[in-house]
Amino acid sequence: NAGVTQTPKFRILKIGQSMTLQCAQDMNHNYMYWYRQDPGMGLKLIYYSVGAGITDKGEVPNGYNVSRSTTEDFPLRLELAAPSQTSVYFCASRPLTGELFFGEGSRLTVL
Amino acid sequence: AQSVAQPEDQVNVAEGNPLTVKCTYSVSGNPYLFWYVQYPNRGLQFLLKYITGDNLVKGSYGFEAEFNKSQTSFHLKKPSALVSDSALYFCAVRDYNFNKFYFGSGTKLNVKP
Numbered sequence: 002n003a004g005v006t007q008t009p010k011f012r013i014l015k016i017g018q019s020m021t022l023q024c025a026q027d028m029n030h031n032y033m034y035w036y037r038q039d040p041g042m043g044l045k046l047i048y049y050s051v052g053a054g055i056t057d058k059g060e061v062p063n064g065y066n067v068s069r070s071t072t073e074d075f076p077l078r079l080e081l082a083a084p085s086q087t088s089v090y091f092c093a094s095r096p097l098t099g100e101l102f103f104g105e106g107s108r109l110t111v112l
Numbered sequence: 002a003q004s005v006a007q008p009e010d011q012v013n014v015a016e017g018n019p020l021t022v023k024c025t026y027s028v029s030g031n032p033y034l035f036w037y038v039q040y041p042n043r044g045l046q047f048l049l050k051y052i053t054g055d056n057l058v059k060g061s062y063g064f065e066a067e068f069n070k071s072q073t074s075f076h077l078k079k080p081s082a083l084v085s086d087s088a089l090y091f092c093a094v095r096d097y098n099f100n101k102f103y104f105g106s107g108t109k110l111n112v113k114p
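Protein chains in written order, with the numbering used here: chain Z, 2 to 112; chain P, 2 to 114.
If you are wondering where the hints come from, they were derived from the structure by calculation, not from laboratory data. Mixed in with the good hints there might be a few duds.
[As the list claims (entries may be wrong)] Below are the DSS-like pairs computed for lysine-lysine, each with C-alpha atoms no more than 27 Å apart in a straight line:
#1 Lys70(P) x Lys109(P)
#2 Lys15(Z) x Lys58(Z)
#3 Lys70(P) x Lys50(P)
#4 Lys45(Z) x Lys50(P)
#5 Lys23(P) x Lys45(Z)
#6 Lys45(Z) x Lys10(Z)
#7 Lys23(P) x Lys113(P)
#8 Lys101(P) x Lys50(P)
#9 Lys78(P) x Lys113(P)
#10 Lys45(Z) x Lys113(P)
#11 Lys23(P) x Lys101(P)
#12 Lys78(P) x Lys101(P)
#13 Lys101(P) x Lys58(Z)
#14 Lys50(P) x Lys78(P)
#15 Lys10(Z) x Lys58(Z)
#16 Lys59(P) x Lys113(P)
#17 Lys50(P) x Lys58(Z)
#18 Lys45(Z) x Lys70(P)
#19 Lys10(Z) x Lys23(P)
#20 Lys50(P) x Lys109(P)
#21 Lys23(P) x Lys50(P)
#22 Lys45(Z) x Lys58(Z)
#23 Lys101(P) x Lys10(Z)
#24 Lys113(P) x Lys70(P)
#25 Lys109(P) x Lys59(P)
#26 Lys101(P) x Lys45(Z)
#27 Lys101(P) x Lys113(P)
#28 Lys45(Z) x Lys109(P)
#29 Lys23(P) x Lys59(P)
#30 Lys45(Z) x Lys15(Z)
Values in this document were obtained by computation on a predicted structure and should not be read as measured data.
So here's chain Z without its partners, still in its complex pose (with noise of 0.2 Å):
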């Protein structure tokens, strides 16, 4: 019963770098959020989903971009790293009515 399963875990870039996190989920959920989650800030959310080909901004989209071509997979896309983009990232997804049910996160340093 995997859930929510996000990688890599860990990653270090440099700034300029670009990479994508990956999320997928097994639960057949048809919406996805990402999120990030900075010390003593909660989290803010970065991109969500309502289904497959359907995305929308949250509070912190710049920097980011994302897709959705199947319902299981969200990838997160950073381009042109920034130090401010340093974070941990978590992906979560939820039934129609009902809880989030989040990965155990992704954390990104940018130097």
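Chain P: place on chain Z using the hints.
Chain P alone, transformed into the frame defined by chain Z:
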């Protein structure tokens, strides 16, 4: 605008004593309210939710929360704290008309033996 406030960065209680972690919210419509717990270097785990019905909601690990519409609050409670309850707790709200969840800044609960 939707928002959640957790007024206490940290709550300290002795093991065996009751605990309360506070949460107030603001939504334009009817709220869906949630509590999550996060252990170090882990993802968030769901504790309980209020959607509709009874104002007192019971959840995992002996936790409960009371929805108070007039005070726009959803405080998390437990009658007898355990050392293993020490963790970071997040309150979250979703306006039922919309798809976004908004989280508070978190409250660190310390339970001392």
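Which numbered conditions among the earlier hints are violated in the structure presented, ordered from lowest to highest?
Those not satisfied are hints 10, 19, 24, 27.
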